[in-house]
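Peer 1: Sequence:
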Amino acid sequence: MERPAVAKALLGDKTFFSIINSKTPDRGSTPLHHASSFGSSEVVTLLLEAGAAVNVRDIKDCTPLQCACTWNNHAVVDVLLSNNTVQEQLKEDNANGTLYQPLVSAVAGGNAKTVVALLRHNANPDADDGSYTALGVAIRTRRLDIVRLLLGHQVDANKIVAASDPPLFLATSLEELEIMELLLEHGADIEQRENSAGGGYKRTPLHYAARLNLKKSLKLLLDHKANPNATDSDGWTALWTAGLCGNSEVLKSLGEAGADLNPLCGSGNTTPLQAHCEDPEVVRALLNLGVDVNGIAGPESDVWSPIERVGYWGYAASLDIMLAAKVPARLDLTSKASAKALMFAVGQNHIIVASKLLEAGVDVNALDDDGGTVLMHAFRSLNADMVRTVLEHNPDLTRKDSNGDTVLHWSYSDVPIESVRRLVNAGARLDALDDSRNPPLISAAGSATADIVEYLLEKYPEARDMAGEYDGTPLHRACEVGKLETVKILLENGSDINYGNAELETPVTMACIRTHGNEETLEILELLCVRGASLSLRAGSFGYPICAASLCNSPDAVRFLLTNGADVSARDAFGRRPVQYASSNSVDVLNTLAVTDGEFSRKDDTGRVALHYAAMSGHHDLVSEVWARSQRVGVAIDERDNNRWTPLMWAARSTPVFTREVAIYSQAPSEPVNAVSDGNKSRRNTQEKKGTPTDKYCIICLAMVCGVYVRCTTCDNFGLCFKCLWAKHALHPDHEFRSHGLEWDSDIEDDGATAENPQSVDGQPRLDRGSQLTRAAEEASEVYDFDDDFIADDDGASYVDTTESSP
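Read left to right, the sequence shown gives residues 1 to 807 (the UniProt record's numbering).
None of these hints come from the bench; they were simulated from the model. Worth double-checking, as some hints may not be accurate.
To be verified - For lysine to aspartate or glutamate, the following EDC-like pairs were computed, each having C-alpha atoms within a straight-line distance of at most 20 angstroms:
{"hint": "1", "residue 1": "Lys356", "residue 2": "Glu256"}
{"hint": "2", "residue 1": "Lys113", "residue 2": "Asp78"}
{"hint": "3", "residue 1": "Lys216", "residue 2": "Glu178"}
{"hint": "4", "residue 1": "Lys216", "residue 2": "Asp189"}
{"hint": "5", "residue 1": "Lys252", "residue 2": "Asp279"}
{"hint": "6", "residue 1": "Lys603", "residue 2": "Asp638"}
{"hint": "7", "residue 1": "Lys336", "residue 2": "Asp368"}
{"hint": "8", "residue 1": "Lys252", "residue 2": "Asp292"}
{"hint": "9", "residue 1": "Lys215", "residue 2": "Asp156"}
{"hint": "10", "residue 1": "Lys326", "residue 2": "Asp279"}
Said to hold, decoys possible - Distance ranges between label pairs, derived from CB positions:
{"hint": "11", "residue 1": "Lys336", "residue 2": "Ser536", "range": "52 to 62 angstroms"}
{"hint": "12", "residue 1": "Thr85", "residue 2": "Asp189", "range": "33 to 43 angstroms"}
{"hint": "13", "residue 1": "Tyr412", "residue 2": "Ser335", "range": "21 to 31 angstroms"}
{"hint": "14", "residue 1": "Asp396", "residue 2": "Arg421", "range": "11 to 21 angstroms"}
{"hint": "15", "residue 1": "Asn213", "residue 2": "Glu181", "range": "13 to 23 angstroms"}
{"hint": "16", "residue 1": "Met704", "residue 2": "Pro461", "range": "35 to 45 angstroms"}
{"hint": "17", "residue 1": "Asp189", "residue 2": "Ser267", "range": "44 to 54 angstroms"}
{"hint": "18", "residue 1": "Glu392", "residue 2": "Ser335", "range": "14 to 24 angstroms"}
{"hint": "19", "residue 1": "Lys696", "residue 2": "Pro733", "range": "17 to 27 angstroms"}
{"hint": "20", "residue 1": "Gly199", "residue 2": "Glu392", "range": "52 to 62 angstroms"}
{"hint": "21", "residue 1": "Glu256", "residue 2": "Arg142", "range": "28 to 38 angstroms"}
{"hint": "22", "residue 1": "Glu256", "residue 2": "Ile59", "range": "50 to 60 angstroms"}
The structure presented is a predicted model; accordingly, all values stated were derived computationally and were not measured. We put the CB at the ideal spot given by N, CA and C, even for glycine.
Build out the structure end to end from the sequences listed, making use of the hints.
Peer 2: Rendered as structure tokens:
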């Protein structure tokens with residue numbers, strides 16, 4: 001029996017009428033829902049005549065009409081829409097939030113007859129389901145016939161909803177050319193951008209075609225006069241995007257259509273040639289379009305040129321194309337950019353690119369901003385083959401950088417010995433001196449591997465005891481940085497183990513100035529002592545190894561020196577003893593010295609006792625220990641040095657500890673405490689004096705230098721702060737000094753004062769040391785008190801002395 005007959009028989013039973021609108025328990029659907037989805041129009045007609053409800057919804061919020069549209073039952077759609085009540089559903093746009101809008105559902109199902117039926121009954125062609133319009137769904141499903149049908153019913157060709165993209169954008173992304181043509185004929189906006197609500201970048205259809213390499217879509221859009229210079233939300237043009245994606249043919253089409261060939265886009269604000277030079281075909285396309293291979297946009301210091309990028313990243317194929325370019329200009333091989341590209345290629349170990357640049361004619365003797373040569377960069381690349389490549393083009397081996405270093409002075413820890421051999425065999429000078437009069441061996445002793453040091457010694461043994469102005473001999477340098485194997489090699493090759501003088505410490509003292517681990521220090525000290533290093537030879541500012549170790553090293557190093565005969569009462573060039581140095585180091589080092597309490601009352605040549613140095617350390621436990629032992633031998637808390645400064649004053653000068661806390665802890669008299677700490681009392685109208693800080697330390701008081709200071713013109717490591725410069729000639733006779741630094745911080749303005757240029761402070765007849773110290777102390781006592789060193793005078797004049805008599 002056919003379905004209509006069965007339905008008619010059932011409807012003949014009066015009991016059926018009571019369940020005609022009943023719902024199934026699982027889906028909540030009525031007989032009309034089922035008939036609309038899978039039945040015939042005759043059955044639907046019978047149910048409607050029997051009184052079936054047309055607006056009832058199942059658990060998915062679908063009406064029978066929506067079911068018929070979803071299942072493409074166009075005959076049932078006609079029957080249902082003959083009911084006026086059902087026709088009202090066509091006016092519901094996304095009714096009740098459903099995902100089954102009738103027209104959208106019919107389009108998604110791809111049944112054109114159902115769509116025709118709905119439109120015939122006046123369905124809204126612009127209907128949407130909350131996510132997509134009917135037109136959008138037709139485009140996504142590539143149904144040209146339905147698109148044409150909707151457009152024929154005056155659908156809006158630019159409507160978007162929620163996160164969906166414009167119709168033309170969708171058609172472009174699918175490269176549906178006929179749909180694109182239809183949309184444009186019916187008023188689609190060719191510049192309408194993607195919907196940013198969906199996470200897009202507000203790109204036009206042309207942008208998207210350029211990104212996805214959709215050549216046909218792109219041509220159609222350009223034929224319809226799409227703007228080739230439109231930018232997305234990030235400021236990218238279609239041409240810049242095509243270059244990024246490596247779409248050289250698309251890029252060519254855009255360029256021929258009049259697109260700007262040099263737009264500034266991307267995070268680096270770069271041109272397409274700058275940004276995309278890794279792709280040789282993109283480079284070729286841009287150069288063929290007429291882009292200047294030497295062009296650069298923006299400040300050269302901020303943005304690399306195309307050739308610089310090629311050099312840094314090693315794009316050999318792109319370089320070939322650039323070198324072959326003839327229009328609008330050949331690559332300028334003499335430019336700074338080409339030289340920098342060579343430096344990059346060499347430094348980044350791109351041998352092929354470096355070779356091509358050198359063979360093309362880039363200057364092998366080009367210099368970087370610091371005077372470094374191409375060969376120096378090759379040496380630093382840690383690649384012996386790169387060094388060979390550069391040497392093949394005959395570089396000048398005598399060139400020096402801004403520090404006076406030749407290429408061999410650039411011997412770093414990872415430089416292969418083969419690179420050094422090649423340089424030496426090529427004629428690099430082993431006796432060349434840098435600005436500090438150091439030969440390459442001194443640099444190697446501090447940085448290179450032991451085998452390089454051994455090789456350099458073999459080739460030029462005379463350098464083993466050559467001393468630079470500041471670093472001493474190679475042995476000094478190796479001891480200072482803790483290179484045990486290098487120390488062994490130097491000693492085996494006859495280096496003077498006790499080389500030192502009034503201005504240069506001995507190697508064993510340099511080993512005590514710790515810039516390396518404790519274990520390495522002890523191993524080097526043991527080796528030096530076994531080989532005959534003297535611990536009693538006075539040399540340099542520290543005088544003796546025990547003084548340097550007491551300031552800079554560990555208790556183990558100090559203990560080792562004492563065990564091997566170091567004198568705990570030794571005095572350095574300025575009368576300082578180990579106890580005073582240790583008072584700036586740690587309690588453990590101080591206790592290791594095991595000195596008597598009497599050592600805490602001894603003064604150095606500046607009149608300072610251990611307590612002065614402890615106060616400068618900033619360490620609470622160290623100050624406590626030194627103060628306790630100083631009290632036992634009668635040292636006062638306000639003990640004054642030759643410049644009349646107390647430990648409290650030095651604490652305020654040198655440490656970050658809050659000055660009032662130091663004063664209260666030390667039970668200082670109330671007068672100096674109030675002078676430095678009471679900020680609430682009314683004061684004279686003055687301006688606080690703040691010296692500009694430096695990275696240097698005063699060789700006398702060991703405090704960091706701030707503001708005005710002086711340095712010896714011949715001894716680089718001899719500098720005095722503003723509080724110690726009064727004793728410059730007494731402590732460092734027969735030497736000239738020059739002033740440095742600024743009295744005022746750069747951010748503190750003084751209406752009546754300007755910083756003076758550094759002036760020579762020499763020329764005064766030299767007296768004997770004792771007379772000078774006495775005179776200087778007397779002069780200082782007349783000029784300085786505690787307040788004067790921190791406060792300007794009432795009229796704003798600063799207490800900066802530019803004479804020889806006092807600071």
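Peer 1: Check the structure against each numbered hint from earlier and tell me which ones fail, lowest number first.
Peer 2: 1, 9 and 17
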